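Peer 1: Each chain, letter by letter, is given below.
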Amino acid sequence: MVHAGSMYVIQKTERTVVEMTLENGVAGLGETWGTPDVYALGQRFAKELLGKDALNRFAFRELLGKSTYDNRFGRNGLATLAGLDLAAWDAVARSLKMPLAELIGARRRESVDVVSTLPAAILPKAGTRKDLTDHLDVPANTKLVVEFALEQARKSGFRSFKLKSAAYSPEWDWKLLNELREALPQARIRFDPNANYGAATATELCRRLDPLGLEFFEDPTGELEGIARLKAAVKTPVATNMWVVKDEHLVPAIRRQAVDVVLGDLFMWGGIDAWRRMARVSHAYGLKPALHSVYETGIATVANLHIACALAEVQYPNDSGLHFLAADVVAEDLPVKNGAMALPAGAGLGVTLDRRKLEKVTLESVEIHV
Amino acid sequence: MAAPVSIAHTHVHSVRVGSGAEALVARVLSADGIAGFGFTLNLEAAVARDMAAWDALARAKGVPLHGLLGGSYRKAVNLVKDELPAIPPDWTALRKDILDGRHELLRIDPFAWGSVEMVQTIAAVAAAFDLGIALLAPNAHPWEIQYCAALAATIKGEDTKIISRKEIKEKEVSVPDQPGIGIDWPLEPSFSKIQWQR
Numbered sequence: 001m002v003h004a005g006s007m008y009v010i011q012k013t014e015r016t017v018v019e020m021t022l023e024n025g026v027a028g029l030g031e032t033w034g035t036p037d038v039y040a041l042g043q044r045f046a047k048e049l050l051g052k053d054a055l056n057r058f059a060f061r062e063l064l065g066k067s068t069y070d071n072r073f074g075r076n077g078l079a080t081l082a083g084l085d086l087a088a089w090d091a092v093a094r095s096l097k098m099p100l101a102e103l104i105g106a107r108r109r110e111s112v113d114v115v116s117t118l119p120a121a122i123l124p125k126a127g128t129r130k131d132l133t134d135h136l137d138v139p140a141n142t143k144l145v146v147e148f149a150l151e152q153a154r155k156s157g158f159r160s161f162k163l164k165s166a167a168y169s170p171e172w173d174w175k176l177l178n179e180l181r182e183a184l185p186q187a188r189i190r191f192d193p194n195a196n197y198g199a200a201t202a203t204e205l206c207r208r209l210d211p212l213g214l215e216f217f218e219d220p221t222g223e224l225e226g227i228a229r230l231k232a233a234v235k236t237p238v239a240t241n242m243w244v245v246k247d248e249h250l251v252p253a254i255r256r257q258a259v260d261v262v263l264g265d266l267f268m269w270g271g272i273d274a275w276r277r278m279a280r281v282s283h284a285y286g287l288k289p290a291l292h293s294v295y296e297t298g299i300a301t302v303a304n305l306h307i308a309c310a311l312a313e314v315q316y317p318n319d320s321g322l323h324f325l326a327a328d329v330v331a332e333d334l335p336v337k338n339g340a341m342a343l344p345a346g347a348g349l350g351v352t353l354d355r356r357k358l359e360k361v362t363l364e365s366v367e368i369h370v
Numbered sequence: 001m002a003a004p005v006s007i008a009h010t011h012v013h014s015v016r017v018g019s020g021a022e023a024l025v026a027r028v029l030s031a032d033g034i035a036g037f038g039f040t041l042n043l044e045a046a047v048a049r050d051m052a053a054w055d056a057l058a059r060a061k062g063v064p065l066h067g068l069l070g071g072s073y074r075k076a077v078n079l080v081k082d083e084l085p086a087i088p089p090d091w092t093a094l095r096k097d098i099l100d101g102r103h104e105l106l107r108i109d110p111f112a113w114g115s116v117e118m119v120q121t122i123a124a125v126a127a128a129f130d131l132g133i134a135l136l137a138p139n140a141h142p143w144e145i146q147y148c149a150a151l152a153a154t155i156k157g158e159d160t161k162i163i164s165r166k167e168i169k170e171k172e173v174s175v176p177d178q179p180g181i182g183i184d185w186p187l188e189p190s191f192s193k194i195q196w197q198r
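As they're listed, the protein sequences go chains A and C.
The working numbering numbers the first residue of the first sequence as 1 and each following residue consecutively.
The working numbering numbers the first residue of the second sequence as 1 and each following residue consecutively.
Cross-link-like lysine-lysine pairs, in silico, BS3-like; alpha carbons within 30 Å at most: (1) C/Lys-75 with A/Lys-97; (2) A/Lys-52 with C/Lys-75; (3) C/Lys-61 with A/Lys-47.
Everything labelled a hint here was simulated from the structure, so no lab data went into it.
Computed from a predicted model, the values in this text were never measured in an experiment.
With the rest of the complex left out, here is chain C (with noise of 0.2 Å):
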């Protein structure tokens, strides 16, 4: 499900970006005129449309994606490197292994899990199970971690953390508390054209 937001314009733009990948970028229209934005690295654009349905809610109502989606645990996220590989995106299964007691720390890619409100899902199951969530930055782009410490402010457990496979420095994230999801753009010197698009 996307936000619960009237819709008047869905935009989905292919670009690359620095490193050279394809990046798929999409723009949402407000039936207020607000725009959202969402994006993706790998070639499913839902997750980014469902991104920037929030994003364009978020900033119509001046507040944080957490300020829509309940509230904040945290004020910052770790973000660690971490080799192990991400659970594939299947419900079903990943609901059998975690009956099975087959996890103890849940690594997820909310790109490839599609929507905000399926990582809120995998999160309530999580917590229910008192089990950990590591939100996998799949390419450990800015922007990426920027959507993982929107979507990190909302799970509950010491243990939620940022993880890359990439060699990155590691940090502590700050939770964006600017309308919107808070991705900082300009982060990615060869798009400033996204503000044509505003």
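Chain A with its partners taken away, still in its complex shape (with noise of 0.2 Å):
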């Protein structure tokens, strides 16, 4: 089987795995994109950082630098910034042996529901675009999902799922999301198509979608504006993770009043206390913060759990993708269980690096010291 998210298949996922090492022996683990460019400057940020304060780690954004209007790296740099972040947090918080949680508030709650991520559709296997094009003019084939859905639902009890949207056609979209709706009629189902649709088309489909009482509306169009414009004309709550995902955006969009919810990444807010600072703001003016992610290891997984846990600003449940991966690097099972994933025991992330499993994936490793 293969899953089609939006126009494209996924088939691996590429991860900067981190492990940072402080004086007192300690160290910490951290994760982030794999890009080569991500790669890269991971390597020069560590070299920067060497000797330098892990309990400070406000100070680490300076390794951004300031052009007139915006940090020299740009995404990059922030989500490079976020990975030696959570090294530190990590770190910091195995030092001072509390479970990171209560470093980054408060450990609040023991579990977190994640969200199960449903394909735009099933193909039987890899293909080209036609194929995928001609599977999705069959809307037949709308029932392959459904019974994933359900499969996900009785295997690991999940309540959230959030359906990847081809946005091929809307009436694909309707069919699908009405029969998701039947089958699962106490599940949170929330939609995403990426912002792939026009506003004006977006605009109409949602307004349709409405009765279904959907969790939200992921990036339903773009960009602000026309997010803004669908969300006033909609009651299903609106979320972003492409248009709210760095600090300058925020004040824009409340004042905009574009979106309900800001479905943070934490390698796009460049670490755990931008992270931190995004959900008091959002809250303090009436938005919720949510945790985004794509595929990630359990590393990241579990930081996701540990700012849910810390911060009582989230209420929304988690993505994760982490049960789709054929592996992981971290040694401890990390199953999805009613729905829910636990947070683990333990100080800081509560997960410990399983050398081998680690090796067998790794494509690259590079050792920066004093």
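Hints are included, so try docking the two chains, each in its own frame, into the full complex.
Peer 2: Here is the structure:
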């Protein structure tokens, strides 16, 4: 079986794993995007962090520098920073013998509901774009996605689902979402066409979808203006992880009343404190922060659990793609039970690297030391 | 919210400080036996308890307050005289006024706003709206100034300062770097009894 997300098929994910050792010998784990740019930038930043005080993660942001209007590394800079920042938070939390959640805020709960991603379509085998569009032209094929959702609910008790839409035809999405609602009447269902519908088409579709009582429309369209007009026209909450993705986006989105939910990605926002500030500011103005994720290893998955447990502002389930990965790099099993993942016990993230597992999936590694 | 510390015992004392004013001093005993202290010169004990819990946790971990909050933006902060009134502790009103552009500098009395977490939230909003924060030491008592300095460490922005409405000697105050909130209790001669509580 092959899962088509948007108009592409994801067959692998590459991540950068960070291990940061402090002078006291305690090591912390971090993770971020695995693109060549971020991997290279990570080495450069890591060199500059040698000798710096891990207790002062605020100072890490100086790595980004400042050009006249933005940081000079753009989103790669923020993502790289987030990976190193996470490793430092973990190392400090382990040194202080505190769960990461406590260092972020408090250990308010022990588990977090997670979202099962549903593909736009399920094809019998990998094929061309034409194979995908042919498949999407057959309305009866929606049932494969519904069956997959039911299987996820049966297997792991998922109560929350995210339909990734190819935004190929509103009719496919309309039919599929109705069938999902009927099959899973109690479930939270979020609908994510990745802003691939134009504002007019998206607004018309979302108005029709309103009576289904979906959890939210995630990036039904874009940019901020389009999504703001759509939000004004529908009752269902509107979320984004595309148009409000860094500090400077927040106030304009609040003023424009553009969205209800800021589906913040730790790696886009640039680290734990940036995410925490986003959550506090969002909450102060009636927006709801939630945790976005793609296909991440156990390290980032657990980091997101800690953030969700630590901050009272987080009330939505976490995105999580871990259970779709064929391999992980941490030793601990991180199962989804009753639709939720448990916060690991112990200090820091509460997970440890499994060197054997890591070696199996390593493409490249580098050590940076004094 | 108080600090994430397992609290075994909390005690609030009313004492008279050297100036003759009444102070509430809270002691929090954490489950691992470390005592932390907080105080207020207004009559609302909650802020003293919150401070004491953070102090106990930071002492137990051997780090200054900013070590628990993620970092420090400065080593020192200016203390200046400022006669304008502090913003009343009404979050609903303040949020709206910020949105309406009614503030440039937020004059915040951290004792009136009640907790470290509340100050962190105001600081996050101020940073998002590019506003400065001035922390008011309401009686210009040395303990108040130290607490404000400990908080100022975690507040972003060049405009961050400590203000006093009273006549004071304007100076640069160091951000406390010792474990806890860094209040130097013997600063208040009549309060030497704090030693008893440890």
